[in-house]
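The whole structure should be built from the sequences, with the hints applied where relevant.
In case you want the letters, here they are:
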Amino acid sequence: MNFQAALFYFFAAILLGAGLRVIIARNPVHAALYLVLAFFSAASLWMLLEAEFLAIVLVLVYVGAVMVLFLFVVMMLDIDPDRLRQNVWRYLPVALPVALLIAVEMVLILGARYFAAAPAPAPLPAGYSNTKALGEVLYTQYVYAFEVAAVILLAAIVAAIALTMRRRKDSKYIDPARQVRVHKEDRLRVLKMKVSRYGEEMHDHDAPHGGADAASSSGER
Amino acid sequence: MISLPPLAYADLQPLLPELFLLAMAGIILLLDTALSPANRYVSYLLTLATLAGCTWLTLPHLGAAPATALYGMFIEDPLAAVSKLVLYIAVAATLTYARDYLKERNLYRGEFFVLALFALLGMMVMISAYHFLMLYLGLELMSLSLYALVALQRDSAAASEAAMKYFVLGAIASGMLLYGMSMIYGVTGTLYLGQMRSVLQMGAFPSLPLVFGLVFLVAGMAFKLGVVPFHMWVPDVYEGAPTAVTLFLGSAPKLAALVFVLRVLVWGLEPLFIDWQQMLIVLAILSMAIGNITAIAQTNLKRMLAYSTIAHMGFMLLGVLAADRVGYGAALFYAIAYLIMSLAAFGMILLLSRAGFESDRLEDFKGLNARSPWLAFLMLLTMFSMAGIPPTVGFYAKLAVLEAVVNQGYVWIAVAAVMFSLIGAFYYLRVVKLMYFDAPEQSSEISAGADVRLVLSVNGLALLLLGILPAPLMNLCLYALKASL
Amino acid sequence: MPITYLIVPFAPLIGALATGLFGWAMGRRLSHWVATGSVAVSLVASWLVFQDVLAGHTYNANLYTWMHVGGVEFAVGFLIDPLSALMMLVVSFVSLMVHIYTIGYMADDAGYKRFFSYISLFTFSMLMLVMSNNFLQLFFGWEAVGLLSYLLIGFWYTRPTAIYANLKAFLVNRVGDFGFILGIAMVLAYFGSLDYATVFQRAPMYTQVTVSLFPGHPWSLLTVVCLLLFVGAMGKSAQMPLHVWLPDSMEGPTPISALIHAATMVTAGIFMVARMSPLFELSDTALAAVMAVGGLTALLMGLLGIVQNDIKRVVAYSTLSQLGYMTAALGASAYSVAIFHLMTHAFFKALLFLAAGSVIIALHHEQDIRKMGGLYKYMPITWITFLIGSLALIGTPFFSGFYSKDSILEAVHASNLGVAQWVYPMLEAGVFVTAFYSFRLYFLVFHGRERFHDLLHGQMPQESPWVVTIPLLALAAPSLAIGYMTIGPLLYGSYFGNSIYVADTHPALADMAQHFQGAVAMALHAPVTPVFWLAAAGVALAWWLYLVRTDLPEKISRRLSWLYAVLVAKYGFDEFNDWFFARGARLLAGGLWRRGDVTVIDNWLVNGAARAVGAASRLLRHFQTGYIYHYALAMLVGAFALVTLFTRLAG
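Protein chains in written order, with this note's numbering: chain A, 1 to 221; chain B, 1001 to 1485; chain C, 2001 to 2651.
No wet-lab data here; the hints were simulated from the structure. The beta carbon of each residue, even a glycine, is placed where N, CA and C say it ideally should be. Among the clues, some could well be false.
[To be verified] Here are the computed distance ranges between Cβ atoms for each label pair: (1) C:W2024 / A:M165: 48 to 56 Å; (2) B:E1363 / C:Y2629: 30 to 38 Å; (3) A:L108 / B:N1106: 52 to 60 Å; (4) B:F1020 / A:K192: 52 to 60 Å; (5) B:A1171 / A:F72: 18 to 26 Å; (6) B:L1465 / A:L108: 52 to 60 Å; (7) A:V182 / B:A1023: 33 to 41 Å; (8) B:A1157 / C:Y2629: 14 to 22 Å; (9) C:G2111 / B:P1037: 49 to 57 Å; (10) B:E1363 / A:V182: 50 to 58 Å; (11) B:L1465 / C:W2024: 18 to 26 Å.
[Unchecked claim] Partial list, computed: chain B residues near chain C (C-beta under 7 Å): (12) V1168; (13) I1172; (14) V1211; (15) V1215; (16) A1219; (17) P1229; (18) F1230; (19) I1293.
[As the list claims (entries may be wrong)] Derived coverage of chain B by chain A (criterion: at least 3 residues anywhere in the stretch with Cβ under 8 Å from a Cβ of chain A; other residues may be distant): (20) 1071 to 1079; (21) 1132 to 1145.
Here it is in structure tokens:
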């Protein structure tokens, strides 16, 4: 067992352990942190495979962005761990045997017999750019998949906005754009009125009800 | 490294319908933000125009020889062309039926059209996929859009719950599918369907891991079809979703899922047909049994139709498990026929519903004949067709599938299928009985636009016409299979 | 040319659909124009096809394959040959006349548009029947015309008698159709095809094949097939003992009686047997049965016409009798003669019915001939045309009926089947009977004392409007001349060519051809034959009894009261059917219903199965709990079970 293999088993063990803890950790914040650990271990494994770009992207995107957001959400929500735990204990008697059975069967059926390890690829030259190679296949052979994946993200954005954006009925929010667009004619009406002296009869046939009040009320509209 | 030729315009030509659809979806998305609710019909008309444009762009592919594009990720063949054309029509009909329903429930928004178009794009990607990755991406694009569509009615607890179930279970199914794909990849060493097929034909591979992967693949696909035991989501989602979305969900994706199954099992894994044939037999028989029997106890029409879908999908799989060109053609015919029936049935529910009234209980159909003889007649045709009573297309579809199965020597399956269809006839005919022999509970006017009535009439009469003259469609289906394989 | 072939049946179909579905929007005028126009188009197309066939072009191809099942092809196809071309022309011509006539006859009826829709649809069905090139389409057409006959007999569905009559027609035709479909099934089972050409080609290979319907009694396959098919023809063409529905069908409107129950549908049986000539020629037994049935029907049904007092029923019994003549001709292997008589009969019988209808209109829907008389003064066109029809019917030389009926008599006379020596005298007697009842009717209606004054309250009867008289005149022309014009090519020329097959062992028609010296010579030769004098005697007797000694018929009927009673009771067929079949079937069905249906099937099988399914349904419903984790678990367990099952299967 050379050094590389030793590193692999080391990180793999951490990965599995962290993954398990994600599921069973009592505190959701801890669970999220274990997930971060799992990502780091996975990134390390990719490093071992000389996939530096992917490893760094995993850390940057998932650990740097997604998980931070995730932690915020988890911390902001008031989650009662004990209530969640009740369900787990209720279903464990059923779920555990099934899970074990499936696991045992998978091991029995598959084993390592059928997947003979491919011969280790020749070491790559020093100046080899992993990123460039990835880019080359991504924009040629897999360009279609790449674009469809982009469409999926677009659809996800549309869906997310459609599902979450809503105007609350009791909101006092005023749309600045609409405010700016308002014209004088929308708000103000200038009425031609007969000049009248105080005390004279007000109910002239062409004047609206309330005389001067009418102008102010139409202004408020 | 790999040096591939750069893409030229000619490489994109087979993708024209997809590109056009995507571009139009983007345009509608942007344009809709500028539209006031009163002008929303512009989005609606643009969507229909998009479908018409796609039809125009797809028609030339109908006669073309199978060809791959985009470095072998994409395949354009008559099967894809036929399926896509049917999908355009189905989506157009769906939008027409759904219009009034959406308006009454404040769902008539640009997102609905855009998501529907994205779902359609996902189906098209699946249909033309020649690579496991594309199959999966297409499936996810479609599913994601469908999840969102189901949840679109946010004020409805039932819809949110349905969307949640659909999403979680769909994710599990996707996981199974991916796991199966990775197993197959592990053994064959390729993700390209064509290569996979030739590799499997040549080499002797250990059958155990292949079968193992195959089971998970089949399970993932069975979920999308809604086949027992992966069917549990179907009734809940059908019932919970707004009927307009149920209509969308229950029509076009079923055909896309069938083509998905054909691409995986036939284009990719046909050398393993002995194995998947057995699996499909189990799934088909279970679906027909459980779907038909459970449907009887339902009082909600949407839920009843959900179980009926399960049974129909089981029946359709019979054509696939026949494992020959005629069988696949029969399955395709069945899927198209089911699509038309499903459109008619849900379209009728939509037409009879109005603001605050869903018209999805069986009682709501009581005495429909007294209220509108023509609509009752159309519903009668639909129910007859679903039950497989001649001279409707449902009868012919069942006959074609059964013939394919019997030709393969599986007489006992055919007998079982007929028995379960007989049980199924009960609940379809119960609807007919309610319409014609019971007194109406509703007495209000049926309000529906002339265009909706016209489309529904054409839809209903198509069931009759295709039953009397099934040969053109049957020949088209057989041609699509024979010219593509 | 296939486009023209398609136009022939489908123009009336379009007319029928238009008037049937959109009649509410079209109004009466437009409806009858559309329906009549569509049939006119069909007639023109038929004429073009006919000309094309005369030029020697025939056609036999499938246009549309409905389905393949187990190697058998179910197709829609046309066989256009001289036989079908002639039938198309007759059907579309008579149909057009009836359409025009209907405009006048049904003018005041509430179901005007429905009626047009039905008769156009009937025309479509009948044309599909005659143009078919396979048994399946023949059967579909056969059932479709039966259905429309049922609907049209019961057109006035508020009349109990009409409902009774159409039910009776339906049930009796069921008996015939049952034989027919059994025959078709045997054709399919033994010959492996439903295509005419294929079946006819294979048939000679089966002459030695026998089937044992009862163990130990082998019957010739072809005889069984032909007899079963003929049972179908007996139902549709109202041959004894399946004739009972035709007189009652007169409950339908008169145009229907002319179109369906005289000129076209009832002759479908005759057409079918002629079409199947390659099969029937292979079985002398079947031919003998056909001839015997025809002879009996011709004489016995004619006798019944003498005692009827309803103007339409007299003509109906005359139709039965004439159909008997055609059937007898078929039995004598003189298929072309039968078709010839079918054609002439279509013209003059449609004419007689329509003229009778004209009389009925004039007398405000009175049909009893005892209340008529002396109408010739008031209705000259109806009178003359009716007289032409009657003269054609009794076989007056130079009239169309003369040529066809005389040819039938000669053919039966020349037949070498043993049964012919019994049938021939029956047919000769039938000639006398025909002449007698025809002219009894004619004299009672148009001559003698005017007995209608009570009906019309002092008004005088009016001649019918032009839409009624035009068809009468248009039908009178062929009734007069078509026989004279066509006997040469149809019977002794090469018109039918290969469309009708006559075996060398049945030389009746060939013998006749040697003696035939042209239509004029045949007519001039008539006065030296006994047939002519029999007819003349019938006319003379009718004249004497009903114009000169009008007191005698009463006395005769009293003197021969037993015979009169038998005839009025129509030989007791109806009573027997009611007593034996209807009551017997009801008793049997009642017993089976109580024992079999209620106890075994309903209680155990149906309800038991339904209860079991219902219970299963309620049980399965409980699995649908609504909880996501239950569903997810079900999926996992399902996948696990599949993995276990199939990895074990795979090894």
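The hints, checked one at a time:
For W2024 of chain C and M165 of chain A, the hinted distance range of 48 to 56 Å is satisfied, since their beta carbons lie about 51 Å from each other. Roughly 33 Å separates the CB atoms of E1363 of chain B and Y2629 of chain C, a value that falls within the hinted 30 to 38 Å. Between L108 of chain A and N1106 of chain B the C-beta distance comes to about 55 Å, which sits within the given range of 52 to 60 Å. Our hint of 52 to 60 Å for F1020 of chain B and K192 of chain A holds, since their Cβ atoms are close to 58 Å apart.
Distance hint check for A1171 of chain B and F72 of chain A: the Cβ-Cβ separation is about 23 Å, which falls inside the suggested range of 18 to 26 Å. Between L1465 of chain B and L108 of chain A the beta carbon distance is about 55 Å. The supplied range of 52 to 60 Å therefore holds. For V182 of chain A and A1023 of chain B, the Cβ-Cβ distance of about 36 Å falls inside the hinted range of 33 to 41 Å, so the restraint holds. The given range of 14 to 22 Å is respected by A1157 of chain B and Y2629 of chain C, whose C-beta atoms sit roughly 19 Å from each other.
The supplied range of 49 to 57 Å is met by G2111 of chain C and P1037 of chain B, whose beta-carbon atoms lie about 51 Å from each other. Take E1363 of chain B and V182 of chain A: their Cβ atoms lie about 52 Å apart, and the range 50 to 58 Å holds. Taking 18 to 26 Å as the suggested C-beta distance range, the pair L1465 of chain B and W2024 of chain C conforms, at roughly 22 Å. Residue-level restraint check for V1168 of chain B holds (minimum Cβ-Cβ distance to chain C is 5 Å; threshold 7 Å).
Restraint check, I1172 of chain B versus chain C: the minimum CB separation of about 6 Å is within 7 Å; hint holds. About 4 Å separates the beta-carbon of V1211 of chain B from the nearest beta-carbon of chain C, less than 7 Å, and the hint is met. Interface hint status for V1215 of chain B: upheld, as the beta-carbon distance to the closest one in chain C is roughly 5 Å, under 7 Å. With its C-beta approaching chain C no nearer than about 5 Å, A1219 of chain B sits inside the 7 Å limit, and its interface hint holds.
The beta carbon of P1229 of chain B is positioned within 7 Å of a beta carbon in chain C (closest approach about 3 Å), and the interface hint is therefore held. For F1230 of chain B, the suggested interface contact is upheld, since its CB lies about 5 Å from the closest CB of chain C, less than 7 Å. The criterion of a C-beta within 7 Å of any C-beta in chain C is met by I1293 of chain B, whose closest approach is roughly 5 Å, and the hint holds. Residue count for the region 1071 to 1079 of chain B with a Cβ under 8 Å from a Cβ of chain A: 3. That meets the three needed, and the coverage hint holds.
Under a criterion of three residues with beta carbons nearer than 8 Å to beta carbons of chain A, the stated coverage of the region 1132 to 1145 of chain B is upheld, 8 such residues being counted.
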